[in-house]
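**Student:** This is what each chain is made of:
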Amino acid sequence: MDSQKKTNFQIEAFKHRVVVDPKYADKTWKILEHAIHEIYNQNAGELSFEELYRNAYNMVLHKFGEKLYSGLVATMTAHLKEISKSVEAAQGGSFLEVLNGKWNDHNKALRTIRDILMYMDRTFIPSTRKIPVHDLGLNLWRDNVIHANNIQTRLLNTLLELILMERTGEVINRGLMRNIVKMLVDLGSSVYQEDFEKPFLEVSADFYRVESQRFIECCDCGDYLKKAERRLNEEVERVSQYLDCSSESKITNVVDEEMIANHMQRLVHMENSGLVSMLLDDRYEDLGRMYSLFRRVVNGLNTVRDVMTSHIRETGKQLVTDPEKVKDPVEFVQRLLDEKDKYDKIISVAFNNDKTFQNALNSSFEYFLNLNTRSPEFISLFVDDKLRKGLKDVTEEDVEIVLDKVMMLFRYLQEKDVFEKYYKQHLAKRLLSGKTISDDAERSLILKLKTECGYQFTSKLEGMFMDMKTSQDTMQGFYASQGAEVGDGPALVVQVLTMGSWPTQPCPPCNLPSELSMLCERFRTYYLGTHTGRRLYWQINMGTADIKATFWKGQKHELNVSSYQMCVLLLFNNADRLTYKEIEQATQIPTTDLKRCLQSLACVKGKNVLRKEPMSKDISEDDAFLFNDKFTSKFYKVKIGTVAAQKESEPEKQETRQRVEEDRKPQIEAAIVRIMKSRRVLEHNSVITEVTKQLQPRFLANPVEIKKRIESLIERDFLERDNTDRKSYRYLA
Amino acid sequence: MRKEDTVKLISAEGFEFVVDKKAAMISQTIRNMLTSPGSFAETEHGEVTFPEISTTILEKICQYFYWSLQYSSGKETECTKNRHVLPRVPGDQNYHCS
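From first to last, the protein sequence lines stand for chains A and B.
The opening position of the first sequence corresponds to residue 1 in full-length UniProt numbering, with each subsequent residue numbered one higher.
The opening position of the second sequence corresponds to residue 1 in full-length UniProt numbering, with each subsequent residue numbered one higher.
Everything labelled a hint here was simulated from the structure, so no lab data went into it.
Possibly wrong hints are sitting among the right ones.
What the hints assert, rightly or not - In the SDA-like style, the derived pairs of lysine to any residue whose C-alpha atoms are separated by at most 20 Å in a straight line are:
no., chain 1, residue 1, chain 2, residue 2
1, A, K27, B, E52
2, B, K8, A, G45
3, A, K108, B, A41
4, B, K21, A, S48
5, A, K630, A, E690
6, A, K108, B, T29
7, A, K108, B, E44
8, B, K8, A, S48
As the list claims (entries may be wrong) - Calculated Cβ distances over 10 Å to all of chain B for the following chain A residues:
no., residue
9, A44
10, E50
11, M118
12, R230
13, K327
14, R388
15, R430
16, E584
Note that the structure is a prediction, hence the values are computed from the model and not measured.
For each residue, glycine too, the CB sits at the ideal point set by N, CA and C.
Work out the full structure: start from the sequences and follow the hints.
**Tutor:** Here's what the structure looks like:
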């Protein structure tokens, strides 16, 4: 290098190569166009990415972006038209495959082109707000191929045909379906919906309409539901396999609509296989299926529930009004409990413990249970039976279960005060005859009643228990005080009952045999000595006695009889033969009781310690009675005519009813006064509503009765009619 | 460095720079080139020619690749430790300086 030559060193500005060639744009475009052709022909191996990228870059840079873009559009469109033709030309079965193949190729080409034209995509397109290359490619595909005249309908028909084939049981190429559907989805959700989904749903609706009609003609309800369920699952699977998941809810709606909603009524009411027969036969699986299918449609469950409710009410009504069933109260209540159990099980197993169904069941039971006015009595008798002997060998938990079930029935009663009355009567009999199995069970039930109805309800019942206990203590005290004098006489057990707590019974006088009357007097003195200011009344009609009797050949038996019967029998200690009139006079027992008493002593086979002349079933006033020497029995102890709780006879029932009505009057009045006191002035109808609401836990108040009570209160100056408004009442302090 | 992990970048003057693929991928353009579905010549031979980029520029670019790899990951990576940028002078090219 010669350092002597001095050259001016100029640093020139860094310049881009300036375009001088006017045809530059065209030339560059030709290169790119050629490249696109090659790409579409799968022939890009010869090209240089870098060169193409550089050319595209330069075009955009030199403001030829527009030419590039429009050129791209034109070239692609041309290619797609060709592709479209080749797809159209595809024969029958291979149509979809060809379409799928071409679509894949197009996608690949599109990606490549997009990569080359990346610079344009990033700079030119956003600034001119044109469609990006990728989306452009999809749109062009859609417009030129999918929406081409011959292809659009053919594609749709092919797809629908394949689905129909699958529905009728053939196997189709699911992978291919999936790809085609995915193509439609990629082209845009509107394409998928318009070109495929809408017609698909329509065709499916038609298909299922026809099929459901066919099924319902030939299948019974259970089978139809199975088929419907199967179709539903099938459609869900279809969607997951090769349709877009947005279609799932739409197609299941279609199936629900056509197969279930349209035939709801017919299915439920189908003879011999509809809901009613399913309920009767406890077909849990069918019921469960019906529940899950009907839950999907509007009003489905309402229909099921309504039919079930009316069925339960019908059967319940038949049950309570059937004279046969009503004969045995215990059986009657047991049947009710069984029905309740059955439906509880159905609801929990098949109906998913649905609350609305539970409520429907409860309201139905309440409805028909109160149709029979003797229900409170029967329930009390049922409990009585259980507490006497039914719960003998039952474990404690089971006892609780039975009592809980009884409580459930109790809750359905509208006239709870009637139940209270009967229960008191039966409890009294149980306690006095000592026939209750388990004290714990009794107390447990009382506790449940207390929780349910409040203290008022059970205070008297608890009083009865207290009396029994106190009496035991009193007896101990009595014998302790009397000492040896009464030691070898008859043993006396007295129960002292507080009059208010126990069911009131008239206590007619009765002549006790002399051995006993002395003992009773002694007790009376003792008791009044310790409790001054009280009065004692003997209730012989409620007592029992154990007597030892010697028969022919020295046969000894111990007889367990009522006190009345004891009085009668002891007369025969002094005489062998007595007429009815003589017995009546000696004992002073009232007529009906005496007749019943003698009947059980003389006319019952196996228990006839007395002989009657003449031998007949009924007792008449001219009969005579003899001591039956020839009485025999297998057992040493013989029970005669225990005072068990019986279903009341007609006149007794009337009497109880009347007493209940009488008891209700003061309760109604108390309710009226309570309400008026707080409200001061109230309209007649409002009074009725409020009173009914307040008394609802006890009984259903009769509006006529309430009106009568209001009149009575007005008479007694508790209320007055309002001066201005004749229908309102005012409280008088 | 294995052959499959590398790619050759050739400048306008013909200088060939062999760099890691990972390094070259820093450039979006090169990445698109190499991962494009269309089978271009570049992917076939593993060579990318830049007729409009001079050697000095390309060299700087390659250095940038490695610098970017090293510092964007936050620690010194294997390949930046062993980096060689191998300019090879092909026989028929002359490097003039005047």
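**Student:** Using Cβ atoms and 10 Å as the threshold, tell me whether R230 of chain A really stays out of contact range of chain B.
**Tutor:** With a cut-off of 10 Å, R230 of chain A remains clear of chain B, as the shortest Cβ separation is near 44 Å.
**Student:** Hey, is E50 of chain A genuinely clear of chain B, shortest beta carbon separation above 10 Å?
**Tutor:** Per Cβ check, E50 of chain A is inside 10 Å of chain B; nearest 6 Å; violated.
**Student:** If you draw a straight line from the CA of K108 of chain A to the CA of E44 of chain B, is it 20 Å or shorter?
**Tutor:** Holds - the C-alpha atoms of E44 of chain B and K108 of chain A are around 17 Å apart, at most 20 Å.
**Student:** Closest CB-CB distance from R388 of chain A to chain B, is it above 10 Å?
**Tutor:** Holds, since 89 Å exceeds 10 Å.
**Student:** Verify this label for me: M118 of chain A is non-interface relative to chain B, using a Cβ-Cβ cutoff of 10 Å.
**Tutor:** violated (6 Å)
**Student:** Minimum C-beta separation from A44 of chain A to chain B exceeding 10 Å: can you confirm that?
**Tutor:** Nearest chain B Cβ is 4 Å from A44 of chain A, so the label is violated.
**Student:** Between the alpha carbons of K8 of chain B and G45 of chain A, is the straight-line distance 20 Å or under?
**Tutor:** holds (18 Å)
**Student:** K27 of chain A and E52 of chain B were given as a pair; does the straight-line alpha-carbon distance stay at or below 20 Å?
**Tutor:** This hinted pair holds, its Cα atoms lying about 18 Å apart.
**Student:** Looking at R430 of chain A again, its CB stays over 10 Å from all of chain B?
**Tutor:** At about 90 Å from chain B, R430 of chain A clears the 10 Å cut-off, so the statement holds.
**Student:** Beyond 10 Å from chain B, beta-carbon-wise, is K327 of chain A?
**Tutor:** holds (91 Å)
**Student:** Would you check the hint for K21 of chain B and S48 of chain A, treating anything up to 20 Å between C-alpha atoms as holding?
**Tutor:** holds (18 Å)
**Student:** Against the 20 Å threshold, does the CA-CA distance of K630 of chain A and E690 of chain A hold or violate the hint?
**Tutor:** Violated, because 68 Å separates the two Cα atoms, which is more than 20 Å.
Violated hints for the displayed structure, listed by number in ascending order: 5, 9, 10 and 11.
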